[in-house]
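Participant: Just need the whole structure built from these sequences, with the hints factored in.
4 protein chains.
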Amino acid sequence: MTKKIKVGVLGATGNVGQRFVQALSDHPWFELTALGASSRSAGKAYADAADWKLGREIPKSVADIEVSEINPKYIDADVVFSALPADLAKTTEPEFAKEGFVVASNAAAMRMEKDVPLTIPEVNPDHLALIDIQKKNRKWDGCIITNPNCSTIVMAMTLKPLEQFGLRNVNVATMQAISGAGYNGVYAMAIYDNVVPYIGGEEEKMETEILKIFGKFDGTKVKCADFKVSASCHRVPVIDGHTEAFWVDMEKNPTPEEVKNAFKTFDPKLSDLPTEPEFPIIVCEGPDRPQPRLDREMGGGMSVSVGRIREGIRYVALGHNTIRGAAGASVLNVELMHKKGYI
Amino acid sequence: MTKKIKVGVLGATGNVGQRFVQALSDHPWFELTALGASSRSAGKAYADAADWKLGREIPKSVADIEVSEINPKYIDADVVFSALPADLAKTTEPEFAKEGFVVASNAAAMRMEKDVPLTIPEVNPDHLALIDIQKKNRKWDGCIITNPNCSTIVMAMTLKPLEQFGLRNVNVATMQAISGAGYNGVYAMAIYDNVVPYIGGEEEKMETEILKIFGKFDGTKVKCADFKVSASCHRVPVIDGHTEAFWVDMEKNPTPEEVKNAFKTFDPKLSDLPTEPEFPIIVCEGPDRPQPRLDREMGGGMSVSVGRIREGIRYVALGHNTIRGAAGASVLNVELMHKKGYI
Amino acid sequence: MTKKIKVGVLGATGNVGQRFVQALSDHPWFELTALGASSRSAGKAYADAADWKLGREIPKSVADIEVSEINPKYIDADVVFSALPADLAKTTEPEFAKEGFVVASNAAAMRMEKDVPLTIPEVNPDHLALIDIQKKNRKWDGCIITNPNCSTIVMAMTLKPLEQFGLRNVNVATMQAISGAGYNGVYAMAIYDNVVPYIGGEEEKMETEILKIFGKFDGTKVKCADFKVSASCHRVPVIDGHTEAFWVDMEKNPTPEEVKNAFKTFDPKLSDLPTEPEFPIIVCEGPDRPQPRLDREMGGGMSVSVGRIREGIRYVALGHNTIRGAAGASVLNVELMHKKGYI
Amino acid sequence: MTKKIKVGVLGATGNVGQRFVQALSDHPWFELTALGASSRSAGKAYADAADWKLGREIPKSVADIEVSEINPKYIDADVVFSALPADLAKTTEPEFAKEGFVVASNAAAMRMEKDVPLTIPEVNPDHLALIDIQKKNRKWDGCIITNPNCSTIVMAMTLKPLEQFGLRNVNVATMQAISGAGYNGVYAMAIYDNVVPYIGGEEEKMETEILKIFGKFDGTKVKCADFKVSASCHRVPVIDGHTEAFWVDMEKNPTPEEVKNAFKTFDPKLSDLPTEPEFPIIVCEGPDRPQPRLDREMGGGMSVSVGRIREGIRYVALGHNTIRGAAGASVLNVELMHKKGYI
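Residue numbers (our numbering), protein chains in the order written: chain A, 608 to 950; chain B, 608 to 950; chain C, 608 to 950; chain D, 608 to 950.
Some clues are possibly wrong.
It does not matter which identical chain is used: a pair holds within one copy or between any two.
Calculated pairs, DSS-like style, for lysine-lysine (alpha carbon to alpha carbon, straight line, at most 25 angstroms) [unchecked claim]: (1) Lys859 to Lys835; (2) Lys697 to Lys613; (3) Lys876 to Lys667; (4) Lys871 to Lys660; (5) Lys835 to Lys867; (6) Lys705 to Lys721; (7) Lys947 to Lys721; (8) Lys828 to Lys946; (9) Lys867 to Lys667; (10) Lys871 to Lys667; (11) Lys867 to Lys660; (12) Lys828 to Lys697; (13) Lys651 to Lys835; (14) Lys721 to Lys828.
Because the hints were derived from the structure by calculation, they are not lab data.
Facilitator: Written as structure tokens, this is what we have:
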């Protein structure tokens with residue numbers, strides 16, 4: 608590759624924003640050239656604007672980048688990754704797309720729009736074709752591509768190898784990490800020594816997004832899948848890593864061994880995207896795995912770990928919510944776009 | 608009541624043993640006269656033998672009781688509550704029953720024996736009748752009565768009001784407290800910032816005990832119920848209080864409102880047992896309840912809280928695992944026995 | 608006592624406010640007649656306005672009390688307990704005092720005013736005499752009395768028995784609970800698996816308040832004590848209970864045994880105030896005590912526990928920050944005022 | 608370097624053992640050729656014997672190494688790093704030294720032996736000279752070198768730049784991580800929502816080891832330093848990273864600014880040891896830093912972070928207890944030995 612693609616991050620100072628910066632600061636294909644944040648941060652060096660919380664040194668290459676306002680005029684990049692809150696995303700992302708940017712968004716705002724791909728490279732790469740339709744529809748030079756909600760991604764990754772058995776019904780109980788709510792999203796008094804059995808909008812996202820992701824693209828639109836997901840979402844005192852317990856009812860009624868084998872042999876054939884993990888799904892052999900503190904960093908945070916596959920079919924899955932479930936998912940999407948010639 | 612019944616605790620120094628002591632130290636019907644523990648503790652004052660961990664002063668009335676060896680000869684009581692580990696319970700409890708003691712056990716060892724009641728007063732009080740059969744069978748002067756496993760109790764309490772709708776299938780994901788494994792059961796490094804998706808034997812207990820509890824007693828034996836429970840058990844970083852997420856499939860397909868009403872109007876008519884809570888089931892109106900830290904002490908730790916009743920039927924339940932799920936359950940059983948004339 | 612004194616709580620819905628309600632809902636001398644909160648809560652029943660977080664049922668006697676605005680006109684009480692934030696307290700408390708209320712404040716705003724008692728009944732009960740001077744100075748029908756900051760109270764309770772040895776220098780490192788910052792004061796992401804070695808203003812409060820508390824009242828004013836306190840304050844992942852590690856340098860250079868004896872024989876002779884614990888200071892014999900989770904509830908949360916008394920003189924102390932260190936401290940002050948005839 | 612030095616780890620499966628493996632699996636100077644553990648593990652592949660807990664994949668280069676018994680006969684290496692428990696270390700380490708191994712030990716057993724260096728490369732590299740004396744004394748072909756206790760290392764690193772001001776008295780309160788006690792060292796029920804103000808032997812280690820470390824080597828022996836350390840050690844609910852609050856009394860009475868400058872300009876001139884961090888001491892500018900979760904990984908876990916430098920002189924320091932405070936310290940010692948020609 609002769610020249611790197613210029614990329615920016617919108618909402619660069621927050622939790623997911625910092626994960627984007629981490630993923631992009633030393634990327635073989637992308638060069639991080641723009642960091643957008645609120646007007647309060649604009650004009651400051653990134654190291655001063657962002658209260659860096661990722662537990663290692665802030666990457667040197669970005670520490671001195673001057674933070675810009677979130678405005679197409681001030682963002683010098685070809686691709687922008689959006690870690691904006693949903694309401695702001697709704698108005699801002701189309702502005703950027705209109706101005707010719709490729710917008711890869713982690714926000715919920717545009718996910719369910721008919722002409723916007725809701726994509727996981729390992730699951731529904733063909734949905735990228737919606738981009739051409741979107742550009743035509745909306746008369747945009749740029750485009751918007753989205754990744755699903757964090758807990759949906761973990762689920763989707765594990766359902767993909769099971770699709771062959773005929774998905775019928777999925778019950779899923781999540782045990783989600785605190786970081787999923789953003790740095791300021793959960794008070795310590797609310798979650799310490801506690802479980803909160805409710806996360807606003809989360810169950811709905813899991814139940815609807817999954818059907819679009821597994822929908823068939825017929826050349827013009829995506830027809831949603833017709834299996835059923837019933838979710839029960841809980842916040843637990845864990846920093847990073849969503850754990851999800853599944854009951855999956857399938858037409859072909861596979862044995863646990865067949866399911867295990869499906870996970871083990873799952874190969875999405877992405878052919879060497881930089882952020883792609885060696886193993887998209889890791890089957891844990893330990894009887895008490897996966898566990899968030901031990902398994903969330905597997906594959907650089909991009910692998911989904913599964914274990915406890917047993918009659919039911921029941922199993923437990925685990926993925927890093929701000930890497931595989933957010934920033935990493937979005938970066939992987941853009942890598943796929945680049946590979947497929949969309950950028 | 609003119610005279611109190613003399614009761615003892617076997618395994619009095621451990622986690623559940625301390626809960627027994629707490630429940631019995633100031634009981635209107637029972638007088639705590641004997642505390643049994645390992646030979647290492649025997650001969651010491653209870654305050655010295657037990658490393659009291661319940662967060663308040665050790666009850667004065669028991670601090671000076673001399674700990675006895677766990678042997679029918681040394682235990683001066685009519686009823687003994689057993690907080691023994693399963694293997695020790697298996698040999699010890701029958702010895703005590705043979706010697707004429709009423710043994711109320713929290714251990715798993717005898718629960719599934721055909722002539723041993725596995726009882727929750729609010730759910731299957733009629734199973735107490737197994738006691739007469741047991742005494743006759745085994746030629747014992749005393750008897751053994753057991754309470755279910757902690758997570759099973761929480762589940763059973765919430766399924767009882769739903770029995771009327773025809774239970775067919777139950778999927779349940781538990782988020783269980785650390786204390787359920789005993790004081791020394793979980794290392795801090797194993798659970799902090801973590802979820803452990805496995806608790807040895809727990810899923811099997813939930814899936815089998817429940818069928819005996821909901822079984823019909825036909826005058827001679829209990830015929831197990833025939834609905835199906837599929838459990839996924841997880842340990843979370845919570846001190847006390849098991850949270851359980853349910854999907855309950857029922858023949859009559861009740862609405863969430865009907866289910867809620869069934870919970871609200873549930874009245875087991877125990878008529879004033881001392882350890883009975885004012886409300887056996889509390890329906891939480893808050894959208895994010897029940898929560899272990901806020902709701903586990905309701906009804907003195909004896910109420911089960913439910914919330915988030917929604918289509919599915921899905922709901923979340925919460926109970927104090929070492930009170931409602933262990934010591935309190937056992938004490939309530941003996942209170943019922945006393946009321947019904949078995950003691 | 609023929610008739611109970613009518614008392615109210617200002618800021619009744621917050622963390623400390625709820626502790627006040629808990630302490631006053633079933634008080635032998637006081638009747639809780641008014642609950643003041645922000646205009647957003649005013650008009651609602653207390654049970655609806657307050658998101659009750661104390662882990663047991665909200666007291667029935669207060670659930671239906673209608674919340675009032677924080678205005679002397681709407682508060683029907685003789686005494687008001689203030690759990691207001693410092694800035695609001697600064698203007699509001701004098702208004703109430705002017706209108707004839709006895710204001711017992713947990714806020715920092717008025718603590719260091721020369722004519723306002725900063726009192727702990729076990730430590731400096733004679734400072735109550737400032738009330739007469741205050742009323743005269745300010746031409747108020749009512750008055751303001753304050754209790755110290757939570758970490759200062761724990762420290763002061765343990766220094767009082769040591770005053771006889773000639774206090775010279777105190778180094779103290781605190782490990783403070785999350786609840787000390789209020790329910791919304793600390794984000795989970797900020798404190799989980801973490802220590803925050805800074806609490807705004809806390810070290811200054813510990814270093815200055817203590818000198819006023821130990822100051823001599825000469826009939827007209829309090830002359831601050833002249834020993835020195837140097838504090839290092841840290842937030843740790845604990846719900847309730849401040850732990851404090853001390854090095855105390857004293858003129859008479861007492862042995863650890865003499866210090867221990869001074870703690871054990873400490874008797875403030877309060878003569879039966881209702882909120883007074885049986886033991887104001889509990890000397891822990893266990894080598895690894897006191898510990899917040901095990902000792903914070905001692906004496907109903909009003910005892911301060913000390914342990915690990917050793918050469919240096921070093922020791923560790925522990926007190927419940929929102930009971931002994933806040934609401935309970937304030938209630939005890941008013942009980943003392945009542946006993947001494949100020950009310 | 609033409610050929611790598613063969614190194615082994617004794618006690619390779621435990622907490623610190625795994626940190627050694629992590630540090631050595633991809634080392635530019637050392638080749639990990641032997642992993643010693645209990646006979647229960649011997650013969651197994653390391654990946655099977657060790658329950659890998661470091662939150663990332665087990666290094667591929669070591670996964671298949673066969674674990675050996677801890678016996679000089681079976682360990683194929685020139686240098687062994689010892690993560691053995693103290694009692695086992697006491698007999699085993701001399702055996703290895705006798706057989707010609709360089710033993711770099713993290714155990715306490717031999718630290719205070721007069722002819723054994725207790726070394727931190729940044730603090731007292733000249734003490735390495737004790738090795739020659741030791742070999743002569745003991746007629747060993749090999750030798751033993753030790754690193755201090757984890758909390759002592761963090762302290763020593765921060766006291767070194769202050770030595771120039773004349774150290775007189777140090778009071779230090781530690782807030783230590785759970786991992787410091789080993790994987791099985793602390794029960795969850797003991798530390799969750801809690802502080803334990805006692806760690807067996809820890810205060811004594813801090814108070815004595817520091818004086819040997821800062822002692823002067825006169826060519827034949829180390830004469831202990833004569834300042835005084837008084838420690839109060841506490842366990843807090845943190846996974847990794849010891850936080851320490853200091854009061855340092857110095858002859859020259861430096862200002863906080865002078866102390867800060869001493870930290871900032873501290874340069875141990877180790878000249879590029881592979882495990883040496885870019886900055887041995889990082890001065891945190893944030894008012895609420897250092898914090899274990901955010902700062903423990905700085906410099907690959909080898910930097911010590913300090914902050915809150917203020918009158919007193921008070922400051923707070925933070926270091927990773929199993930990297931800088933254990934495995935990394937030991938590896939750095941051997942790197943220094945190699946550089947200085949001892950290996």
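Participant: Each hint: holds or not?
Facilitator: Against the structure, the hints:
1. Lys859 to Lys835: So Lys859 and Lys835 pass the 25 angstroms test inside a copy (16 angstroms) and across (21 angstroms) alike.
2. Lys697 to Lys613: within (23 angstroms within a copy, 54 angstroms between copies)
3. Lys876 to Lys667: between (34 angstroms within a copy, 23 angstroms between copies)
4. Lys871 to Lys660: The answer is between: 23 angstroms across copies meets 25 angstroms, while 34 angstroms in one copy does not.
5. Lys835 to Lys867: both (22 angstroms within a copy, 24 angstroms between copies)
6. Lys705 to Lys721: within (17 angstroms within a copy, 65 angstroms between copies)
7. Lys947 to Lys721: within (21 angstroms within a copy, 66 angstroms between copies)
8. Lys828 to Lys946: Result: close within a single copy only, 22 angstroms intra versus 66 angstroms inter.
9. Lys867 to Lys667: between (42 angstroms within a copy, 23 angstroms between copies)
10. Lys871 to Lys667: between (38 angstroms within a copy, 19 angstroms between copies)
11. Lys867 to Lys660: Answer is between: at 24 angstroms across copies they meet the 25 angstroms cutoff, but 37 angstroms inside does not.
12. Lys828 to Lys697: within (21 angstroms within a copy, 63 angstroms between copies)
13. Lys651 to Lys835: Answer is neither; intra-copy 48 angstroms and inter-copy 42 angstroms both fail.
14. Lys721 to Lys828: within (7 angstroms within a copy, 61 angstroms between copies)
In summary, the one numbered hint that this structure violates is 13.
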